[in-house]
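Enquirer: From just these sequences and the hints, can you work out the full model?
Below are the chains, spelled out letter by letter.
Number of protein chains: 2
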Amino acid sequence: MAARSYGQHCAVAKSLDVVGDRWTLLVVRELLDGPRRYRDLLSALAPIATDVLAGRLRDLEASGLVDRRALPRPASGATYALTGDGRALEDVINAYARWGRHLIERRSPGDVVRPEWLVRAVRAYVRPDRDGPPVSLRLATPDGSAAVAITADRIDTLADDEDVDVTLSGAAEIVAAAMNPARVAELLTAGRLRIDGDPDAVRRLGQLFAPVPVRS
Amino acid sequence: MAARSYGQHCAVAKSLDVVGDRWTLLVVRELLDGPRRYRDLLSALAPIATDVLAGRLRDLEASGLVDRRALPRPASGATYALTGDGRALEDVINAYARWGRHLIERRSPGDVVRPEWLVRAVRAYVRPDRDGPPVSLRLATPDGSAAVAITADRIDTLADDEDVDVTLSGAAEIVAAAMNPARVAELLTAGRLRIDGDPDAVRRLGQLFAPVPVRS
Numbered sequence: 001m002a003a004r005s006y007g008q009h010c011a012v013a014k015s016l017d018v019v020g021d022r023w024t025l026l027v028v029r030e031l032l033d034g035p036r037r038y039r040d041l042l043s044a045l046a047p048i049a050t051d052v053l054a055g056r057l058r059d060l061e062a063s064g065l066v067d068r069r070a071l072p073r074p075a076s077g078a079t080y081a082l083t084g085d086g087r088a089l090e091d092v093i094n095a096y097a098r099w100g101r102h103l104i105e106r107r108s109p110g111d112v113v114r115p116e117w118l119v120r121a122v123r124a125y126v127r128p129d130r131d132g133p134p135v136s137l138r139l140a141t142p143d144g145s146a147a148v149a150i151t152a153d154r155i156d157t158l159a160d161d162e163d164v165d166v167t168l169s170g171a172a173e174i175v176a177a178a179m180n181p182a183r184v185a186e187l188l189t190a191g192r193l194r195i196d197g198d199p200d201a202v203r204r205l206g207q208l209f210a211p212v213p214v215r216s
Numbered sequence: 001m002a003a004r005s006y007g008q009h010c011a012v013a014k015s016l017d018v019v020g021d022r023w024t025l026l027v028v029r030e031l032l033d034g035p036r037r038y039r040d041l042l043s044a045l046a047p048i049a050t051d052v053l054a055g056r057l058r059d060l061e062a063s064g065l066v067d068r069r070a071l072p073r074p075a076s077g078a079t080y081a082l083t084g085d086g087r088a089l090e091d092v093i094n095a096y097a098r099w100g101r102h103l104i105e106r107r108s109p110g111d112v113v114r115p116e117w118l119v120r121a122v123r124a125y126v127r128p129d130r131d132g133p134p135v136s137l138r139l140a141t142p143d144g145s146a147a148v149a150i151t152a153d154r155i156d157t158l159a160d161d162e163d164v165d166v167t168l169s170g171a172a173e174i175v176a177a178a179m180n181p182a183r184v185a186e187l188l189t190a191g192r193l194r195i196d197g198d199p200d201a202v203r204r205l206g207q208l209f210a211p212v213p214v215r216s
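First to last, the sequence lines map onto chains A and B. Numbers 1 to 216, taken from UniProt numbering, label the letters of the first sequence in order. Numbers 1 to 216, taken from UniProt numbering, label the letters of the second sequence in order.
Simulated from the structure, these hints should not be mistaken for laboratory data. All values reported here derive from a predicted model rather than from experimental measurement. A few of these clues could be false.
Per the computed footprint, the stretches of chain B lying under chain A, defined by three or more beta-carbons under 8 Å from a beta-carbon of chain A, are [what the hints assert, rightly or not]:
(1) 96 to 103
(2) 109 to 116
(3) 202 to 215
Computed beta-carbon distance windows for the label pairs [said to hold, decoys possible]:
(4) A:D156 x B:R58: 41 to 47 Å
(5) B:R68 x A:R203: 43 to 49 Å
(6) A:A46 x B:A75: 33 to 39 Å
(7) B:V212 x A:S108: 53 to 59 Å
(8) B:P211 x A:T189: 48 to 54 Å
(9) B:Q207 x A:D156: 33 to 39 Å
(10) A:R4 x B:R87: 26 to 32 Å
(11) A:R203 x B:R154: 49 to 55 Å
The C-beta atom is built at its ideal place from N, Cα and C for all residues, glycine as well.
Expert: Shown next as C-alpha cells:
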C-alpha cells in the first residue's frame, strides 16, 4: 500500500493507492511472465535501485498481490509470484500497452529493449475475438528474440530455439510497428522489416492483429 | 512528461513515463466528464496542492493530452479539455476501476465521496455487450446524488432533477456494491439498500451489470 492515500472513495483512486507508486506496475509486468527470483527482477528492471525493488515487493505482498515463496533447500533465497488479484492487473497493464503503442514505434536513444516486452505487446495487441488455427511467431531483433504460439484462447511463450511458422525481423521499434497490419506494406517496401515463413501462416498472422490508425 | 523516464522501450513503461506521476490519472478522470476550469479541478481533487495541479496540467498539455483554452472575454481564466489521446485513457481508467471495484464496497474513515465517481463506476461496470431499451438511474447517497441514462452504446449524465426509471439509495459503498447483481438481494434484505422504480426497469437494470464473485 502506498504511504499516502488519495483519500478518495473512488475505485480508480483506491487502485492507485495500491499500485500507483513508481515501479510497482513494472514489477507486476515482469511477474506476469511467471515467478521470478529477486536477482532476476533486479536485472530485468535495471536501473531500479535494490531498496526500491525490495520495498515494492514488500508492499505488493502486504496488499495480497504477490506471494513470496522460500526456495527448497539446498537453494537459498525466494521466488515471487503473483496471486490471483495480482494477475488480474494484466487488464490494466494491457490497457496501458494499447494506449502507448505508438510510443514504441520510435526508439528513444538509450532506451533498453527486452524481447519479453515485445511479447507483452503481442499479448495486448492481438484481437480478443480471434479464431482459426494456431500461429507461432518469432520476433527477431538485434536486442534478442522471443517466440510465441498464438491460439484462439491463449498466447504461450516458446523456447527460443523452437521452429515457428513466421519470423518478423527488424529493429525492435520496427517489429513493434509491424504489429499494426496497416504499416506492414510500407515497412517491407522500405526494407526495414523482413518476414519469413509460410505464406498461409503470414496471412493468418495478419488477421490476428487489428489495424490501428497510422500516425505521421 | 515525467521528469524521469524508465528508459525502457516497452509500451507500458513509455505510457507510465507520460501519465504515471502521482495525481495525473485522477486529473484525467475528472476531465473525462467534460472541460473544467482550474478552480473546479482544484476543488474536485482536494487536497491536491495547487502547484501540483498546475504542474500536472502543464505536463498533460506538453504531452498533447490536454488543451488549455482561454475563456472568451469578459470572463478570465481558461478551461482544460482532453484531446483525443487524452480521452483514449478512459480504457486505462476503466480497467483500474474494474480491478479495484471491491475496494469501494467498504468505506475507509475520512475518505471523500463525489457522486461523479460512482458514475465512473457505472461506466466501468456495465456490460460492453449490453442491448435493449435505455434505463435511467439515480444513485442517491448521503454524500450527494447523480443520475445517468444507460443506452446500448452510451452512458449520459442527466441533470440531477430529471425523472429516472430507477433510484438506488444507500451509503456510497452500498450503492457501489449494488452494481454487482450477486449482492443486491443480501443488501436489500439487510435494509442497507433501497430500490425504487418500475419493476420492469429494475429487472433490465440488473441485466446491464455483469455479476462478479462476492468477496467475504
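Enquirer: Does each hint fit the structure? Answer for all of them.
Expert: Each hint, compared with the structure:
Under a criterion of three residues with beta carbons nearer than 8 Å to beta carbons of chain A, the stated coverage of the segment 96 to 103 of chain B is upheld, 7 such residues being counted. Counting residues of the segment 109 to 116 of chain B whose C-beta sits closer than 8 Å to any C-beta of chain A gives 5, which meets the bar of three, so the coverage hint holds. Note: the segment 202 to 215 of chain B has 0 residues with beta-carbon separation from chain A under 8 Å; the three-residue rule is not met and the coverage is violated. Checked against the given bound of 41 to 47 Å, the beta carbons of A:D156 and B:R58, roughly 44 Å apart, stay inside it.
Taken as a hint, the range 43 to 49 Å holds for the pair B:R68 and A:R203, whose Cβ atoms sit roughly 47 Å apart. In this structure, A:A46 and B:A75 break the distance hint of 33 to 39 Å, their C-beta atoms being roughly 51 Å apart. A hinted range of 53 to 59 Å for the beta carbons of B:V212 and A:S108 is inconsistent with their spacing of about 39 Å. Judged by the Cβ atoms, the range 48 to 54 Å given for B:P211 and A:T189 holds: they are separated by roughly 50 Å.
For B:Q207 paired with A:D156, a C-beta distance near 35 Å keeps the hint of 33 to 39 Å intact. Checking the proposed 26 to 32 Å range against A:R4 and B:R87 shows it holds: the Cβ atoms sit about 28 Å from each other. Between A:R203 and B:R154 the Cβ separation comes to about 36 Å, which falls outside the hinted range of 49 to 55 Å.
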